[in-house]
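Colleague: So you can see what is in the structure, the chains are spelled out below.
There are 2 protein chains.
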Amino acid sequence: MKPTPEPTPDPIPEQKNSPKKAKAGRPSQDTQSREQLILAARSLFVERDYAQVSTRELAKKAGTDPALIRYYFGSKEGLFSTMIRETAVPVKQQLWQLNRSLGADGPANFMLTYYRVMAAHPHFPRLIFKLASLDQSQAKNQELAQAFNEIINLEDLLFFDKFKSQGLLREEVDSRCAQLSFFAMMVFPFLVPDIFLNKLGVEISPEFLQQLATQNSQLLAHGLFKPEVTSHEPK
Amino acid sequence: MKPTPEPTPDPIPEQKNSPKKAKAGRPSQDTQSREQLILAARSLFVERDYAQVSTRELAKKAGTDPALIRYYFGSKEGLFSTMIRETAVPVKQQLWQLNRSLGADGPANFMLTYYRVMAAHPHFPRLIFKLASLDQSQAKNQELAQAFNEIINLEDLLFFDKFKSQGLLREEVDSRCAQLSFFAMMVFPFLVPDIFLNKLGVEISPEFLQQLATQNSQLLAHGLFKPEVTSHEPK
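Sequence order for the protein chains is A and B.
Here the first sequence stands for residues 1 to 235, numbered as in the UniProt record's numbering.
Here the second sequence stands for residues 1 to 235, numbered as in the UniProt record's numbering.
I should point out that these hints are in silico values taken from the structure, not numbers from a laboratory.
Wrong hints could be hidden among the right ones.
Because identical chains cannot be distinguished in the list, a pair is counted as satisfied if it fits within a single copy or across any two copies.
Simulated crosslink set (SDA-like; lysine to any residue; CA at most 20 Å straight-line) [said to hold, decoys possible]:
1. Lys61 / Glu86
2. Lys130 / Phe163
3. Lys199 / Asn149
4. Lys92 / Pro122
5. Lys226 / Ile195
6. Lys199 / Leu154
7. Lys140 / Ser43
8. Lys226 / Ser43
9. Lys199 / Ile128
10. Lys140 / Tyr71
11. Lys92 / Phe148
12. Lys61 / Glu47
13. Lys92 / Val46
Could you build the full structure based on these sequences and the hints that come with them?
Modeller: So this is what it looks like as structure tokens:
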């Protein structure tokens, strides 16, 4: 809970078999500890809320000493933001590749590729939502705010202003309302409480997500775009 | 954290100026304390997560003794479930009256009345979402699970199976997917992190909610219903 987060670990004398030096060959016990801490953080921060998870619990779940959190990541904030950055790398890469291979553009197609990738990483939208929900105006959360801004470029997701100005949307559609409902459909399936899912008889499986993606992209196409635009979209 | 929640307060001898007796005339200091605890609970549980709020904080915010939580509500669970039940009464009443006065039926119209009522109670969907997100299989949360089931009858909200069987939905629409996206649009605007809202330039004001309601009901009508059904809906 430091007012100014330290991006670098504590200066431990490097002669002392520093884990940062152990890059070649097999993973040392120490780099395994770092990896275990990342895995423990992913598991605990997906399940519970940020403030509820203590460094002691994180270390216990990872089977390491709590001091290693400070050594590798500076603080709990540092561990959380490193974990979420490392989690984001393959997700963003897959999303980018899939978008490119499908020549996907527009929110309906983006939603298809997004759900397809998130089916393999269902914890990711939940983590991003939690990260975004922290009070980023607080000094202690600045490191987390920075991680959020590095991972998510919200500008890239603001499709609807562009579509509005291109005259593709129905006359009555407000682009901000459209954007908000688009975010709702993207994020909510990964946040929805089990009690709702059980009542609906739904499991957030890859198969269900694929079906939901197809239907939601149709919902957007019919519900927000002019009929003559929709009829040109791939079915 | 009792395995079996007690619905009644501890048996304090009634001769001793019990607050339960002070029903007539001005509110006594004690009934004011009960009210202050309800208000403190609403404020703290809206802002923060259930596990993060302690009875000590609740009492401090209410300006009362923590022992009164046990006296009036049995436990933190009891205070939370009582607060949410009492919060729900006017919300559900307004929703029912508005639905009746507008002769509203169907999800598009329901969404209009729902947003109109929630504009005056923006904390309510958030509290319900938090209540629904608690692990209700845990014994300590049973009292909360019971409150949830009393307040929300999910069956009443499962419109889309009925519409599907009445042949009103587009052929390709799956009623479970439709239902999930309907819930997403209903709940997400009250959960969305400020960082998204700021980027969108949106404030969740009554005016914005009215606009969103109108647009989302159109989105559902055009996106899920057969065109011949939609054309009969009020514009």
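Colleague: Against this structure, judge whether each hint is valid.
Modeller: Going down the list of hints, with the structure as the test:
1. Lys61 / Glu86: within (19 Å within a copy, 40 Å between copies)
2. Lys130 / Phe163: neither (29 Å within a copy, 35 Å between copies)
3. Lys199 / Asn149: For Lys199 and Asn149, the Cα distance is within 20 Å only across copies (12 Å; inside one copy 36 Å).
4. Lys92 / Pro122: For Lys92 and Pro122, the Cα distance is within 20 Å only inside one copy (13 Å; across copies 34 Å).
5. Lys226 / Ile195: neither (37 Å within a copy, 30 Å between copies)
6. Lys199 / Leu154: between (33 Å within a copy, 7 Å between copies)
7. Lys140 / Ser43: Close neither inside one copy (22 Å) nor across copies (23 Å); limit 20 Å.
8. Lys226 / Ser43: neither (44 Å within a copy, 43 Å between copies)
9. Lys199 / Ile128: The answer is between: 16 Å across copies meets 20 Å, while 26 Å in one copy does not.
10. Lys140 / Tyr71: within (18 Å within a copy, 37 Å between copies)
11. Lys92 / Phe148: Within. Shortest intra-copy distance 13 Å satisfies the 20 Å Cα cut-off; inter-copy 37 Å does not.
12. Lys61 / Glu47: Within one copy, since 13 Å is at most 20 Å while 29 Å is not.
13. Lys92 / Val46: Answer is within; shortest intra-copy Cα gap is 18 Å, inter-copy 33 Å.
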